[in-house]
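Use the sequences and the hints to build the structure in full.
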Amino acid sequence: MDLLLQLTINGLSMGSIYLLLGISWGLIFAVTRTFHFAHGATFVVAAYSAYFFQQLGFSLILAAVGSVLAAVLFGMAVEGILYRYLRKAFASHLVVFVAAIGTLITVENLIAMGFGTDVKTLEGFPIKVIKIGKVGFNNLHVVMFATAGILFFLLMLYLHRTKTGKALRAVISNPEMAEVIGIDTRKYFLLAFALGSLLVAPAAFLVTIERGATIDLGHWAILYAFMPVIIGGIGSLPGAALAGLIIGLAESIGIWKISSQWQVGIAFVVLVAVMILKPTGLFGFRVYRGKI
Amino acid sequence: MILEVKNLVGGYQNKRVLHGLSFSMGDGEVVGTIGHNGAGKTTLLKSLFGLLPPWEGQILFRSHDITGRKPDSNVKEGIAYMPQGQGLFPDLTVMENLEISCFGLDRKTLKKRSQQVFELFPILEERKRQRAGTLSGGEQRMMSVGLTLMHEPTLMFLDEPSLGLAPRIVQLVMENIIEINRRFKNSILLVEQNFEQVKRVAGKIIVIKLGQIVFSGILDPALDKRELWKYF
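Chain order of the listed sequences is L and F.
The number in the working numbering is simply the position in the first sequence, starting from 1, with 23 added.
The number in the working numbering is simply the position in the second sequence, starting from 1, with 323 added.
Hints are supplied without guarantee of correctness; some may be wrong.
List of simulated lysine-lysine pairs, DSS-like, C-alpha gap at most 25 Å [to be verified]:
(1) L:K186 - F:K451
(2) L:K111 - F:K435
(3) F:K431 - L:K186
(4) L:K189 - F:K435
For the chain L half of the interface with chain F, some residues (derived, Cβ under 7 Å), not all of them [as the list claims (entries may be wrong)]:
(5) G80
(6) K189
(7) A193
(8) S196
(9) N197
(10) V203
(11) I204
(12) D207
(13) L213
(14) E233
Now the in silico label distances, taken between C-beta atoms and shown as ranges [to be verified]:
(15) L:R110 - F:D388: 51 to 59 Å
(16) F:E442 - L:N162: 57 to 65 Å
(17) L:R209 - F:E327: 27 to 35 Å
(18) F:F538 - L:L300: 56 to 64 Å
(19) L:F148 - F:L428: 33 to 41 Å
(20) F:F538 - L:R56: 36 to 44 Å
(21) L:R110 - F:Q439: 31 to 39 Å
(22) F:I501 - L:R209: 35 to 43 Å
(23) F:G401 - L:G103: 27 to 35 Å
(24) F:P445 - L:R209: 31 to 39 Å
(25) L:L92 - F:Y335: 26 to 34 Å
(26) F:Q438 - L:L83: 51 to 59 Å
Simulated from the structure, these hints should not be mistaken for lab results.
For glycine and all other residues, C-beta sits at the position ideal for the given N, C-alpha and C.
Here's what the structure looks like:
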């Protein structure tokens with residue numbers, strides 16, 4: 024029982040990271056219908072920016088702020104320069120997808136040239152172990168869970184209570200109609216990229232504290248960004264959030280009986296199982312139509 | 324003249340759909356546009372509203388050149404467009420739909436204008452907390468027409484408001500269009516497949532065939548559908 028509780032706590036903390044990856048990528052995809060593979064690059068940019076700012080002498084908090092800013096600027100640049108140009112040129116989804124993969128690989132290589140390929144870690148987080156009975160976890164796990172929960176709550180509040188949030192939901196619901204009533208969808212595409220990048224930066228920051236940053240982190244991040252979206256149902260952010268936690272739990276509890284080297288495979292088993300049982304995802308009613 | 328269209332050419336990417344259309348509309352006039360599927364009726368409305376950039380020609384709104392102007396600017400100037408099919412946000416509630424279509428306007432104006440819409444379509448007030456996608460087909464069409472009214476347009480482009488509706492609901496929607504024209508004195512360019520309905524609503528008619536106007540003029544109520552067949 025204690026072991027199960029321990030694995031659940033471990034799963035929820037990693038699931039919180041998947042939650043942030045899922046809702047950030049899911050928001051961008053729901054608004055823009057762009058398969059933003061370069062979201063992995065945003066993740067790497069955020070992780071290495073935090074490291075860079077700390078090397079410059081900034082505190083851990085300021086490094087976090089710098090990392091968020093760098094991620095937002097990068098995400099907006101990818102939309103404003105690359106995707107907008109491709110949309111104007113009537114590029115197909117495949118072309119956009121390939122361009123996004125190209126961006127991810129280019130960014131990873133440029134970062135490797137600048138920073139080297141060894142693991143970069145962030146110093147200064149005072150890790151404290153908390154023990155409740157035989158179950159132990161640390162304060163970083165609490166921060167991960169709290170950060171994901173608060174950011175998800177704030178995002179939902181923003182989307183449902185503010186004018187621009189409602190406009191974003193309108194663009195998700197019917198992009199052509201949004202233009203018809205006078206919403207400049209290009210601005211909202213940019214906003215979606217800014218918000219999505221803002222949400223992924225804390226995940227990158229926390230992962231860098233926990234296990235350090237490597238340049239191939241982008242590929243890992245993009246896999247765990249779209250898996251919750253597909254499992255939760257395309258367009259459903261609560262679905263993506265719940266799916267992120269489910270993947271975290273499945274991976275963690277899975278290693279109870281299976282060797283940890285197969286952990287990633289467990290996430291894909293969950294993905295395939297959901298696709299077979301409910302092809303539209305847990306909360307997906309329609310493909311491509313948003314239900315936030 | 325509220326709208327003058329001169330030699331309009333347009334289409335999608337490399338496909339030319341409109342081949343030099345010219346016509347005009349007066350204040351408070353309802354003009355019906357009919358034609359076969361693929362004649363270019365929807366392309367015409369999209370080009371006039373700015374959803375498709377025209378290739379050639381000129382569009383004048385109250386003598387101002389609005390050729391190629393973006394939809395958001397057109398909405399602010401009092402031009403509205405109701406697209407074919409689901410011209411609403413199905414995942415937002417009725418009230419959120421109205422709020423969002425009044426984007427950029429203050430709360431007082433929103434209240435006043437949504438009240439105007441509820442006066443025209445009382446059923447929408449009863450359903451204001453319901454998701455628009457769960458409304459019946461007729462109610463959804465009323466919602467779409469209601470959304471176009473939120474900016475108090477002086478010129479409305481309506482694309483097949485009767486599409487897919489039961490005959491009784493079509494009658495109701497058309498009566499609403501007549502009422503809107505009577506109450507707000509706005510000009511309406513109505514695209515329809517249903518000639519009998521066009522006859523009820525419009526004072527003028529334009530017949531489009533393969534992207535060209537083959538007939539335009541005053542709509543005689545006695546005009547029989549078969550008399551128009553010669554243009555097809």
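Cross-check of the supplied hints:
1. L:K186 - F:K451: holds (18 Å)
2. L:K111 - F:K435: Roughly 38 Å between the alpha carbons, so the hint for L:K111 and F:K435 is violated.
3. F:K431 - L:K186: holds (15 Å)
4. L:K189 - F:K435: Distance of about 20 Å is within 25 Å: holds.
5. G80: violated (45 Å)
6. K189: holds (5 Å)
7. A193: OK, holds: L:A193 within 7 Å of chain F, min 5 Å.
8. S196: Holds, because the Cβ-Cβ distance from L:S196 to chain F comes to roughly 4 Å (cut-off 7 Å).
9. N197: holds (5 Å)
10. V203: holds (5 Å)
11. I204: holds (4 Å)
12. D207: holds (5 Å)
13. L213: Constraint on L:L213 not satisfied, violated at 15 Å.
14. E233: violated (36 Å)
15. L:R110 - F:D388: 51 to 59 Å: Hint violated: Cβ distance 26 Å, outside 51 to 59 Å.
16. F:E442 - L:N162: 57 to 65 Å: holds (59 Å)
17. L:R209 - F:E327: 27 to 35 Å: Roughly 29 Å apart at Cβ, these two residues keep to the hinted range, so it holds.
18. F:F538 - L:L300: 56 to 64 Å: Check passed, 57 Å falls within 56 to 64 Å.
19. L:F148 - F:L428: 33 to 41 Å: Violated: the Cβ-Cβ distance is about 47 Å, outside 33 to 41 Å.
20. F:F538 - L:R56: 36 to 44 Å: Distance hint for F:F538, L:R56 holds at roughly 40 Å.
21. L:R110 - F:Q439: 31 to 39 Å: holds (36 Å)
22. F:I501 - L:R209: 35 to 43 Å: holds (37 Å)
23. F:G401 - L:G103: 27 to 35 Å: 31 Å Cβ-Cβ, so the 27 to 35 Å window holds.
24. F:P445 - L:R209: 31 to 39 Å: At roughly 37 Å between Cβ atoms, L:R209 and F:P445 fall inside 31 to 39 Å, so the hint holds.
25. L:L92 - F:Y335: 26 to 34 Å: Check failed, 40 Å falls outside 26 to 34 Å.
26. F:Q438 - L:L83: 51 to 59 Å: With a Cβ separation near 54 Å, F:Q438 and L:L83 satisfy 51 to 59 Å, so the hint holds.
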